[in-house]
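Chemist: Here's the letter readout for the chains.
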Amino acid sequence: MAQEIAFTLAAPLLSSLIALAAGRSERLHVPIVIAGTGITLLLSAALLLACVRHGVLSESSLMAECRVADAVVIVASNFIAFLAAIYNFGLNPFGRFSLGKYGSLFLLLVFCFNYMVLVRNALALFLLVEALIGVSVALVAHSPRSDAPEVAFRYLVVTTLSAFIVLAGAALLSASTGSYSLDQHPHLGGDGERLLALACILFIIGLGADIGFFPFHGWVPDTFPASTPIVNVLVCAEHAPLFVGLYMLLLPVRGTSYSDTISLTLATLGLAAIPISYTLAFRQRDPFRRIGYYAIGEYGSIVLALGISIADPACTPAWRAYMLNSSLMKAGILACLGLAANTWEALPRRWRELVSLSFIICSLSSVGIPPLSGFHVKLRYLLSVYTFAAERAGAWAALLLLAFLLSMTFIPLYFLVALLHELFLGRLENPGEKVSLREIAAVTTCVALAAAAVVLGLWPGLIFLE
Amino acid sequence: MEVTLPLASAVISAAVVLTKRAERLPYLLALQALIIGAYEAYSYGHALTFPEAVTYLGAAIANSVLPPLILLKLARRVGSPPEEAPRTAVVFSFGVVALLVYLSLLPPSKVRDVALCALSTATSIAIIAYSLNPVRVIVALNMASNALHPLLAEGPPIFSTLSNLSMLLVNGVAFFLADQAWKTYGESSLAGWDRWLRK
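The listed protein sequences correspond, in order, to chains H and A. By our numbering, the letter at position 144 of the first sequence is numbered 144, and the numbering carries on one by one without gaps. By our numbering, the letter at position 20 of the second sequence is numbered 20, and the numbering carries on one by one without gaps.
Where hints are given, some of them may not hold.
25 Å max Cα-Cα, derived SDA-like pairs, lysine to any residue [stated by the list, open to error]:
| hint | chain 1 | residue 1 | chain 2 | residue 2 |
| --- | --- | --- | --- | --- |
| 1 | A | Lys-183 | A | Leu-132 |
| 2 | A | Lys-20 | A | Ala-30 |
| 3 | A | Lys-110 | H | Gly-189 |
| 4 | A | Lys-20 | A | Val-90 |
| 5 | A | Lys-199 | H | Arg-285 |
| 6 | A | Lys-110 | H | Thr-177 |
| 7 | A | Lys-110 | H | Tyr-180 |
| 8 | H | Lys-101 | A | Leu-169 |
| 9 | A | Lys-20 | A | Ile-35 |
| 10 | A | Lys-73 | H | Phe-97 |
| 11 | A | Lys-73 | A | Ser-189 |
| 12 | A | Lys-183 | H | Val-158 |
| 13 | A | Lys-110 | A | Glu-40 |
| 14 | A | Lys-199 | H | Ser-146 |
| 15 | A | Lys-183 | H | Arg-154 |
Chain A is faced by these chain H residues, among others (derived, beta-carbon under 7 Å) [stated by the list, open to error]:
| hint | residue |
| --- | --- |
| 16 | Glu-130 |
| 17 | Ala-131 |
| 18 | Ala-138 |
| 19 | Glu-150 |
| 20 | Phe-164 |
| 21 | Leu-167 |
| 22 | Ala-171 |
DEER-style ranges, computed between Cβ atoms [unchecked claim]:
| hint | chain 1 | residue 1 | chain 2 | residue 2 | range |
| --- | --- | --- | --- | --- | --- |
| 23 | A | Pro-51 | H | Tyr-386 | 55 to 65 Å |
| 24 | H | Phe-410 | A | Thr-88 | 40 to 50 Å |
| 25 | H | Leu-17 | A | Lys-73 | 24 to 34 Å |
| 26 | A | Ser-104 | H | Asp-183 | 24 to 34 Å |
| 27 | H | Ala-418 | A | Glu-23 | 44 to 54 Å |
| 28 | A | Glu-2 | H | Tyr-414 | 54 to 64 Å |
| 29 | H | Tyr-386 | A | Pro-107 | 42 to 52 Å |
What the hints contain is simulated information worked out from the structure, not anything from laboratory work. Glycine is no exception: its CB is placed at the ideal position from the N, C-alpha and C atoms.
Pulled out of the complex, with its shape left as it was, chain A reads as follows (with noise of 0.2 Å):
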């Protein structure tokens, strides 16, 4: 697996890190998508028939198009205030760097790329632990699912194109709950849902 992937995935979940705006996240999200989605296509290369190579680039593209745009309107329509991520999530975030630029210099091997993978994933669960923000979560739930795409690839291109669908459900699903909760309790962060269901 091309060593690069893991990289870009953990450079650009770093920042979703320092990004404080939650409208520009989803073009991150969907410039991840776009860099996954071309190493798979080629990596594939002419292993794929026609039909297949339809279906596999119609998903890849809905899966880097869609949910940045499911997110953009989410974003524009609850409208949530600037988040900034702790010192802490910021050190954590390029020590995530650091380590797959290390982890990179080892020989290839099966586990290697396992553990590439799953290291990239790593900034993105810090974000879903320590922010407020849904569309933050969303986005960074996103991006591990991309992070760990590669791994797809060992498998069948039909497998990959049923991950991206799967995905696209999650997202609508996650669209509809932000929406509703923001509907119901009037408030665009989760602290304030937790505060309103209390009361």
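With the rest of the complex left out, here is chain H (with noise of 0.2 Å):
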């Protein structure tokens, strides 16, 4: 039995269970949730040692496998959550829920996103999908603004709708494989392959609405300026093990005769998601819809670079990297966002030049400069794109899809460098005298996020292991 499995699963539902059970004591919230994701985290690296150590780690009674790179994930993504607690702490944690409730949904994120990552059975992906949509749609509601309802009411029903949607295709790959399991199936046949395609495009409209991206994208822009600051970055953690959820339902399709199909369909939705969101992120006032449209536009380059790995099993370790990449920095600019948004004035100069300085790292490891972590990610993810499109369309083409590609990378650096001028740059004037740990608290996370940048970039081997 894999321990560390069922270890990195059970810390965050318990914790989740005593959250409920501290009720609203603001005293115990604050450290139940750092611990809960302090323990998985240290878990989740102890997984990771695990599997590196021993391969792969499987546990058949909760239908879970683990391979080093699914590891990476789960510490990656409880990296996010637990500087999202921190940051918890730091910044106003109260709501329309008591406390109690808000913890005990925080820590069910938590491990409703780890177990999505290591489940290997359909119908089982379908129930944490369907349970992952409840709570994150509950930690929307969470936030005190007026729009919340509204906004977390429409999230609930267009991701309710997306869920049966995937079970639909969990069906389908029942009916076409014969079993609800994730394995690859080449010598299905003409019917069973057809089949198995429908049930692969059904995981795409059923997850990509989930996911939000580009053309499933319609409720994100409005959920960042609804959320509270503190889930915008939880839900950040939880973007990676959705998508690796995805992988996984189209790897039964690898190596059937639809696979150039599904991997074709998926490529063409993720470019053309890049330049329609990046040019509406473009128009938008509000800094959140802003980095909004820019997510979507980032889902965008990570569904191309899936619909690659799909076709190439070699383009997998950069599909992957770019993605992790791409959560930690979304997470690191939303926080810089947030503090920006509302404790700026309390903080002393030097600490908003230090918030100001972690959004400067974040953001351009997020378009990808040197030598930032997304610089080797983004260098992998191109280098994948023109081995996929000059096999299929000629160097010439693949030339200019990578001009194109490039190209793009300006759109979101300029209305970057735009919101650095306008929120923090701008305000460094007047400031607060005096710091508090809940302050510290809050300013830790967004360097922390940033000096992950930095580690990466020095180390990029740690982001690429497989």
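Now that you have both chains on their own, put them together as the hints suggest.
Modeler: Encoded structure:
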């Protein structure tokens, strides 16, 4: 029995129950959430070490399996969740729910996304998607803003329907392969392959609407401004597991005659998303809506890389590393924006400069400037795109595609610099005098995510661990 | 799979389209959940051990009773005016029933079962698309979930139990959201919420 898997799943689930039992007490809420996410991070690191030592860990009673690459995703997501818990201490955690329920939902989300990376059964994945939706929507609804109930209701309806589409896809997968397991089936034959391809299309639509990638992104730009800054940072941790879930669901099609069709469908969706969402981001006045559209563009790049890795397994590390870096840097950008929008007035000048520097580092890493982590992942990602396009459409077409993707980088660079001037550098005057422990905690979150960009830039092997 | 199940789901969804008052909708939801829960209990039959049977039946009964009760409470609290369905929705819902009758004549296969279940959710999705009443939208979501439930009967019973529990969570969140929206905006319709925010 792989105890590491069981412990990684049990820790957030138990802490969630403890948080619920602790009730409304603010004194208990913060330590429970920090300890719950911290212990889960440590256990996920132990899981990674065990995977490095043994290769593959599996736990049949939980329908779970873990490879090194899965463990890396879990560690990165838990790192974001842990920092979100520290950020939660730094900012005001109060909202529409009592602190007990809110803390419980916070930790339940951690359980759901950890399990989503490990599970190897389509029906179990559907159940996790359904649970994850309920928890994410409740966390968005926690925000005291007046638009939160309307936005969260829309989010709930769209994502619940999309979970049903995932269930229909799982049923088709079972009809074509005879089981709900997510193994590859290269010798299915005509009808079986057609059904499997249809199941994959349903998975793309279903999980696409849950993640919010183009063209299923309608609810995404509204949820960023409506949620609390803490939830915005925490939700960044769930995107990589959701993409891993989609990858696992699409894996059975690899090696069949529809592999290229699914791959090209994803690549086309990704390519269309990038210019559309960046252009829409450019037109937004609200910084959080702008980042919302920027996130949709980033999902576009991830979907493009996912499509390529479905066709060519050698490109999977590039896709995974791009996705992890994107989640980490988006969390950093949103943490800095949350501070600028909430506790900026209380921060002394030096602390404001520190947050501004963190925003600069996360933004530059996100667009792929050397020597930060984003540079390495973008380089591998562009190389994968080039190889994929050159094999199918020739070297010139591949070069044109690269030029297009590189030129697209300048749009987010421009509006991130504009945000830097507008929200950070333009507001360095009239600083507060003293800084409390809470503000130190909130700034630490931003600094830690920026430090991750530097560390992973210096040792890129960590993010490409396979 | 028993073809009468998707048919029953589609007929009850058509009844939701024809029902004007939101307070009556939870009763229709309870009826659909009971029919599907009873079928699942019958199909699992003797395969369940005693603890499994207790857990499964507990979750199935909870799914037939709790969401309708939650929604009844919401409908009474929000007190929305009667809502008439557009004529196209009425025609569509009966078209779905007719198509289901036709599909049920096809020889049994797994693909046909998936198609029947998917089609029986079509009216619920149409309700979500046209309705401006939050109670009706949540009832339609539950009906779509229940209509797809027979697909879960392929897996171990724990999946069905967990799905019921996660739908309970979704219902709890939906109740909370609709209640909060009503308190914040003072409106019981989705269009009213939107109008309030635009102001």
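Chemist: Please go over all the hints and tell whether each is borne out by the structure.
Modeler: Going down the list of hints, with the structure as the test:
1. A:Lys-183 - A:Leu-132: 17 Å, holds
2. A:Lys-20 - A:Ala-30: Cα-Cα ~17 Å, so holds.
3. A:Lys-110 - H:Gly-189: 17 Å, holds
4. A:Lys-20 - A:Val-90: 12 Å, holds
5. A:Lys-199 - H:Arg-285: 18 Å, holds
6. A:Lys-110 - H:Thr-177: It holds: about 11 Å lies between the C-alpha atoms, which stays within 25 Å.
7. A:Lys-110 - H:Tyr-180: Roughly 13 Å separates the two Cα atoms, so the pair holds.
8. H:Lys-101 - A:Leu-169: At roughly 12 Å apart (the allowed maximum being 25 Å), A:Leu-169 and H:Lys-101 satisfy the hint.
9. A:Lys-20 - A:Ile-35: Satisfied, since the Cα-Cα distance of roughly 23 Å is no more than 25 Å.
10. A:Lys-73 - H:Phe-97: 20 Å, holds
11. A:Lys-73 - A:Ser-189: 16 Å, holds
12. A:Lys-183 - H:Val-158: 23 Å, holds
13. A:Lys-110 - A:Glu-40: 17 Å, holds
14. A:Lys-199 - H:Ser-146: With a Cα-Cα distance of about 12 Å, the restraint between A:Lys-199 and H:Ser-146 holds, given a limit of 25 Å.
15. A:Lys-183 - H:Arg-154: Within the cut-off at roughly 17 Å; holds.
16. Glu-130: 4 Å, holds
17. Ala-131: 5 Å, holds
18. Ala-138: Holds: closest Cβ of chain A sits about 5 Å from H:Ala-138, inside 7 Å.
19. Glu-150: 5 Å, holds
20. Phe-164: 6 Å, holds
21. Leu-167: With a closest approach of 5 Å, the H:Leu-167 hint holds.
22. Ala-171: 4 Å, holds
23. A:Pro-51 - H:Tyr-386: 55 to 65 Å: For H:Tyr-386 against A:Pro-51, whose Cβ atoms are near 57 Å apart, the range 55 to 65 Å holds.
24. H:Phe-410 - A:Thr-88: 40 to 50 Å: For H:Phe-410 and A:Thr-88 the Cβ distance comes to about 47 Å; the hint holds.
25. H:Leu-17 - A:Lys-73: 24 to 34 Å: 26 Å, holds
26. A:Ser-104 - H:Asp-183: 24 to 34 Å: 33 Å, holds
27. H:Ala-418 - A:Glu-23: 44 to 54 Å: Once the Cβ atoms are compared, 52 Å apart, the range 44 to 54 Å for A:Glu-23 and H:Ala-418 holds.
28. A:Glu-2 - H:Tyr-414: 54 to 64 Å: 60 Å, holds
29. H:Tyr-386 - A:Pro-107: 42 to 52 Å: This hint holds: roughly 50 Å between Cβ atoms.
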